[in-house]
Structures are given as structure tokens and as C-alpha cells.
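Using the sequences and the accompanying hints, generate a full structural model.
What follows is the residue order along each chain.
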Amino acid sequence: MEQSLNTEQPIINVITPPLWLVAELTYSCPLHCPFCSNPLDFAGEKAELSTTEWIRVLQEARALGAVQLGFSGGEPLMRKDLELLVAEGHRLGYYTNLITSGAGLNEVRIRALKDAGLDHIQLSFQDSTREMNDFLSSARTFDLKRRVAQLIKSHDFPMVMNCVIHRLNIDHADRIIDLAAEIGAEYLELANTQYYGWALRNRDHLIPSRDQLRRAEATVAAKRAALGTRLKILFVVPDYFEGRPKRCMNGWATTILCVNPAGTALPCQAARMLPDMSFPSVRAVSVRDIWYESEAFKRFRGESWMPALCRQCPERGVDYGGCRCQAYLLTGNVNATDPVCDKSPDHGIVLAAIEAGERAPLKPLLFRSPENSRMIMGGLATLE
Amino acid sequence: MIEQPDNAGSRPRIARLYRLQWEEAQQAHVLLFPEGMIKLNGSAGEILRRCNGERPMAVIVAELEVTFATTGLTADVESFLTAATEKGWVEWSSP
Numbered sequence: 000m001e002q003s004l005n006t007e008q009p010i011i012n013v014i015t016p017p018l019w020l021v022a023e024l025t026y027s028c029p030l031h032c033p034f035c036s037n038p039l040d041f042a043g044e045k046a047e048l049s050t051t052e053w054i055r056v057l058q059e060a061r062a063l064g065a066v067q068l069g070f071s072g073g074e075p076l077m078r079k080d081l082e083l084l085v086a087e088g089h090r091l092g093y094y095t096n097l098i099t100s101g102a103g104l105n106e107v108r109i110r111a112l113k114d115a116g117l118d119h120i121q122l123s124f125q126d127s128t129r130e131m132n133d134f135l136s137s138a139r140t141f142d143l144k145r146r147v148a149q150l151i152k153s154h155d156f157p158m159v160m161n162c163v164i165h166r167l168n169i170d171h172a173d174r175i176i177d178l179a180a181e182i183g184a185e186y187l188e189l190a191n192t193q194y195y196g197w198a199l200r201n202r203d204h205l206i207p208s209r210d211q212l213r214r215a216e217a218t219v220a221a222k223r224a225a226l227g228t229r230l231k232i233l234f235v236v237p238d239y240f241e242g243r244p245k246r247c248m249n250g251w252a253t254t255i256l257c258v259n260p261a262g263t264a265l266p267c268q269a270a271r272m273l274p275d276m277s278f279p280s281v282r283a284v285s286v287r288d289i290w291y292e293s294e295a296f297k298r299f300r301g302e303s304w305m306p307a308l309c310r311q312c313p314e315r316g317v318d319y320g321g322c323r324c325q326a327y328l329l330t331g332n333v334n335a336t337d338p339v340c341d342k343s344p345d346h347g348i349v350l351a352a353i354e355a356g357e358r359a360p361l362k363p364l365l366f367r368s369p370e371n372s373r374m375i376m377g378g379l380a381t382l383e
Numbered sequence: 000m001i002e003q004p005d006n007a008g009s010r011p012r013i014a015r016l017y018r019l020q021w022e023e024a025q026q027a028h029v030l031l032f033p034e035g036m037i038k039l040n041g042s043a044g045e046i047l048r049r050c051n052g053e054r055p056m057a058v059i060v061a062e063l064e065v066t067f068a069t070t071g072l073t074a075d076v077e078s079f080l081t082a083a084t085e086k087g088w089v090e091w092s093s094p
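If you're matching them up, the sequences are chains R and H in order. Last residue of the first sequence: 383 in numbering that gives the first Met the number 0, with the numbers rising by one and none dropped. Last residue of the second sequence: 94 in numbering that gives the first Met the number 0, with the numbers rising by one and none dropped.
In case anyone wonders, no lab produced these hints; they're calculated from the structure. Among the hints, erroneous ones may be present.
[Said to hold, decoys possible] In the DSS-like style, the derived pairs of lysine-lysine whose C-alpha atoms are separated by at most 30 angstroms in a straight line are:
id, chain 1, residue 1, chain 2, residue 2
1, R, Lys297, H, Lys86
2, R, Lys362, R, Lys245
3, R, Lys113, H, Lys38
4, R, Lys79, R, Lys152
5, H, Lys38, R, Lys231
6, R, Lys152, H, Lys38
7, R, Lys297, H, Lys38
8, H, Lys86, R, Lys245
9, H, Lys38, R, Lys362
10, R, Lys113, R, Lys231
11, R, Lys113, H, Lys86
12, R, Lys231, H, Lys86
13, R, Lys45, R, Lys297
14, R, Lys222, H, Lys86
Have a look at this one:
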């Protein structure tokens with residue numbers, strides 16, 4: 000729900016403090032979703048941060064001004080110290096969010112999380128039916144998720160239901176919305192797939208058609224009118240179809256600090272694969288020095304890095320030139336205008352991707368798993 | 000039970016989905032909610048921090064008028080609280 004964070008500001012040259020800490024506690028996850036935003040080579044990541052190291056990160060980021068804390072992954076419940084970290088986050092004054100698939104949440108743990116001061120739980124579903132949900136997560140999770148939703152309600156947590164949307168489930172938008180209303184979620188994020196990591200690898204399977212997108216928009220509008228304030232539905236048209244870039248991460252290193260399971264500090268979860276960048280580790284550098292002094296975090300702040308097309312564009316203060324990861328993944332040039340912009344000379348790449356989605360995919364759907372991650376790292380499968 | 004702000008005895012409080020707190024780094028009150036935050040301007044913060052479910056609106060207005068050494072704030076406070084109620088930030092309870 001990024002819409003309430005500092006929208007529509009001009010580009011400013013002072014460094015603003017991080018307001019949001021995304022703590023990716025682990026890449027371990029019992030689900031195998033083919034649209035996972037984790038890096039393709041996650042299986043090669045170094046040892047996870049210890050409890051003590053995470054507590055220091057929480058303290059240092061809070062001291063700088065971070066106030067939203069998201070525990071993410073992988074599946075954060077795979078960490079046995081999650082309750083401890085939530086308690087420390089709560090003590091420090093963060094608003095604590097658990098971003099979970101539900102796997103690993105039971106009566107004992109949810110009670111402990113309540114006692115630790117957890118503020119909110121975001122529960123993912125992959126679709127509205129058991130068959131599609133379990134196919135997409137490549138794990139039997141639908142019934143478990145329904146039970147977890149009841150636990151969340153019975154412990155009086157605010158609940159956001161998140162469903163990543165793509166060609167295989169977008170036509171079920173009405174039933175997904177009904178499911179969210181039925182389980183008592185206060186918010187539903189119909190999160191259109193963003194094409195990084197595993198989702199980019201599987202893009203030909205996942206990208207919706209323009210017709211599908213139009214129908215889903217109409218469905219969402221009708222459901223919003225019918226449900227009123229009972230359920231707030233967030234549905235943002237994916238940037239490939241918008242002709243303008245998203246204001247990615249509210250601007251590079253302006254608002255959000257991500258720390259990956261091994262302690263690498265990043266301005267966004269996807270950025271680690273960018274070339275010629277050296278992202279600092281919280282094991283070696285303080286959060287303050289990472290945020291204010293590191294070359295990696297300075298790299299795309301402001302507008303001096305921008306190509307002429309963006310620097311002369313009146314909309315540069317709206318979208319900050321778009322997403323650096325997307326520019327690199329699609330054009331090979333990290334400094335390029337985000338090619339989803341229809342002013343970009345590379346916009347044809349995006350149009351071609353939409354066209355390719357209308358045809359039968361050439362490669363099988365690749366599920367996220369440590370085995371497939373190692374296969375990709377070994378060069379047995381390429382990114383293209 | 001949720002009532003409208005024009006019920007004289009009812010008392011506003013921060014709604015269940017929101018948490019209000021002062022943030023030193025931003026020098027502002029903020030409303031925190033699942034995965035989001037609203038930074039409040041000074042007057043919004045001063046009104047909302049008095050919305051604890053115990054003070055009727057008239058008491059909030061009186062306190063603000065004393066604190067800021069002024070009069071005639073009723074219309075401003077009422078219009079802010081009406082908007083805040085519509086946004087879902089504020090709920091009302093009976094005395």
C-alpha cells in the first residue's frame with residue numbers, strides 16, 4: 000500500500016531518512032510460486048543473519064527514523080526467532096507487519112506473536128480455489144490458508160489478503176474478491192505481477208492479455224461499488240500496460256531499506272543483481288553509514304544519473320525515471336529510461352513482451368525451488 | 000457502535016486499524032496502518048492525539064482553544080473530524 004507514502008513530491012536533494020525497513024528474514028519457503036520476487040540465484044546466498052544481528056539492524060534503522068517494519072522472506076515463519084524479533088520491533092516503536100503464506104502459523108505461534116505486539120498480518124493466497132491455489136504454490140496450502148485466516152480473525156489482527164495476479168488467475172478476480180470478503184480481510188491487494196526474478200523468467204506464462212486486464216478492471220470497479228467500505232481493494236494496472244513507469248520504491252533509497260537474509264542492504268529487494276554495484280552488508284557497515292554514505296545508495300538518488308530523456312522530462316519528479324532493475328533487466332543498461340515509458344526508445348521491448356504473452360509459451364513454467372535455483376546458477380537454464 | 004460526529008455526546012477515538020504516534024525523525028504525528036503511513040500536519044496531529052474515546056468534541060475544541068490561545072475552532076475541528084471519519088481514521092463511541 001505504497002500510495003500513502005510521500006506521493007507527488009518534487010525531486011529534492013536532501014537525503015530523507017528511511018521510513019520503512021523490509022526485513023527479509025529467510026529465503027526458505029515451503030511454497031514454490033513461479034512469480035516469486037526472490038532472486039533466481041537465492042540458493043547461493045550466504046548464511047542468514049543471527050537473531051543478535053537482526054536486533055542490531057532493527058535498532059539502528061529505528062534510530063534513523065524507520066517506523067514501518069515488514070517481516071518478509073521467503074516465509075518468515077520459518078525463522079524460530081520471529082516472535083523475538085517482533086517483540087524487539089514492537090518495543091522500539093515500529094508498526095510491525097508479518098508478510099506470510101500462512102505456512103507455519105498455528106495457535107501457539109499466533110498467540111506468541113500477539114503477545115509480542117505484532118500489529119498486522121498480510122496473508123497470501125494464490126487463487127480462489129484449492130486446485131489453482133495449490134497448483135500455483137506447488138504445495139497443498141489452500142485449506143491451511145483458510146484455517147490461518149480464521150486464526151488471524153480470532154486473534155483480532157487486521158488482515159490484508161494479498162493475491163499476486165497474472166494470466167492464470169486474473170479471470171477469477173471476482174471469486175478472489177469474494178474469498179477476501181468471506182474470510183474477513185480488511186484489505187485486498189490484487190497485486191499485478193511485477194516482472195523480476197522468477198516472474199521475469201516465467202513472463203510468457205504470466206503476463207495477462209489487454210482484454211483480461213480490461214475485464215478485471217471492470218470486475219474490480221463493480222465489486223468496489225457492491226462492497227463499499229467493508230473491503231478496501233487495491234488494484235493497480237501493471238506498468239507494462241500503463242505507458243509510464245511506476246515511482247519505484249518511492250525513489251531509489253529515499254524511503255525504503257531492504258535487508259536480505261544474508262545481511263546485504265538494498266534499496267529494493269530486486270536490486271542485488273544490478274551490475275557494477277557493491278551493496279554493503281549490515282555485518283560490516285552501520286545502517287546509518289549504509290543509508291547516508293554508501294556509494295550504492297547514492298547511485299540513483301536525485302536526477303544527476305538520469306539519461307537526457309528523463310532529465311528533460313516534466314514528469315521526472317513523478318516517477319523518478321522509473322525502475323533501475325527493470326531498465327537493466329530489459330535493456331541491459333542500468334542508466335536507461337525505464338522501457339515501460341512510451342517515450343523510451345526501448346519501449347518496443349515491452350510491447351513485444353505483451354504480444355508474446357498472447358501466444359503459447361515456448362518454455363515450461365519454472366517453479367521457485369532451491370533445485371531450480373541451483374540449476375539456473377549452474378547455467379543449465381538461461382534467463383532469456 | 001459507530002455514530003455520527005453530530006451526536007453531541009459521542010466521543011471520537013482512533014479507529015481500530017490505525018495507530019497514532021509521534022515520530023521524532025519526521026517531527027510529526029503519523030497514523031500507522033497495515034503497510035502504510037500518513038504523516039499529519041500540526042493541527043491534524045493536535046486534534047487526533049486528543050481523540051482517545053473519552054473526550055466529546057466540545058471538550059477537544061475547548062482544550063485546543065486554550066492551548067493555542069484562540070477561539071472559534073469548532074467549525075474547523077468538526078470539519079476535520081468529519082473528513083477523518085469518512086477516511087476511516089476515527090470511530091465514535093457513545094458516552
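Here's how the hints hold up against the structure:
Restraint check for Lys297 (chain R) and Lys86 (chain H): the C-alpha separation of about 36 angstroms exceeds 30 angstroms, so the hint is violated. Among the hinted pairs, Lys362 (chain R) with Lys245 (chain R) is consistent with the structure: their alpha-carbon atoms are about 29 angstroms apart, no more than 30 angstroms. A C-alpha spacing of about 26 angstroms is found between Lys113 (chain R) and Lys38 (chain H), which places the hinted pair at or below 30 angstroms, so the restraint holds. With a C-alpha separation of about 23 angstroms, the suggested pair Lys79 (chain R) and Lys152 (chain R) falls inside the 30 angstroms cut-off, and the hint holds.
The hinted pair formed by Lys38 (chain H) and Lys231 (chain R) meets the criterion: a straight-line CA distance of about 20 angstroms does not exceed 30 angstroms. For the suggested pair Lys152 (chain R) and Lys38 (chain H), the alpha carbons sit about 28 angstroms apart, so the restraint of at most 30 angstroms is met. This hinted pair checks out: Lys297 (chain R) and Lys38 (chain H) have alpha carbons roughly 25 angstroms apart, not beyond 30 angstroms. Taking the CA atoms of Lys86 (chain H) and Lys245 (chain R), the gap is near 25 angstroms; set against the 30 angstroms cutoff, the hint holds.
Between Lys38 (chain H) and Lys362 (chain R), the direct Cα distance comes to roughly 47 angstroms. Violation of the 30 angstroms bound is thereby established for this hinted pair. The suggested pairing of Lys113 (chain R) with Lys231 (chain R) holds, with an alpha-carbon distance near 24 angstroms, which does not exceed 30 angstroms. Straight-line distance between C-alpha atoms of Lys113 (chain R) and Lys86 (chain H) comes to about 27 angstroms, which keeps the hinted pair within the 30 angstroms bound. As the CA atoms of Lys231 (chain R) and Lys86 (chain H) are separated by approximately 12 angstroms, the hinted pair is consistent with the 30 angstroms bound.
For the hint pairing Lys45 (chain R) with Lys297 (chain R), the CA-to-CA distance comes to about 25 angstroms; that is within 30 angstroms, so the pair holds. Distance check on the hinted pair: Lys222 (chain R) and Lys86 (chain H) sit about 19 angstroms apart at the alpha-carbon level, within 30 angstroms; holds.
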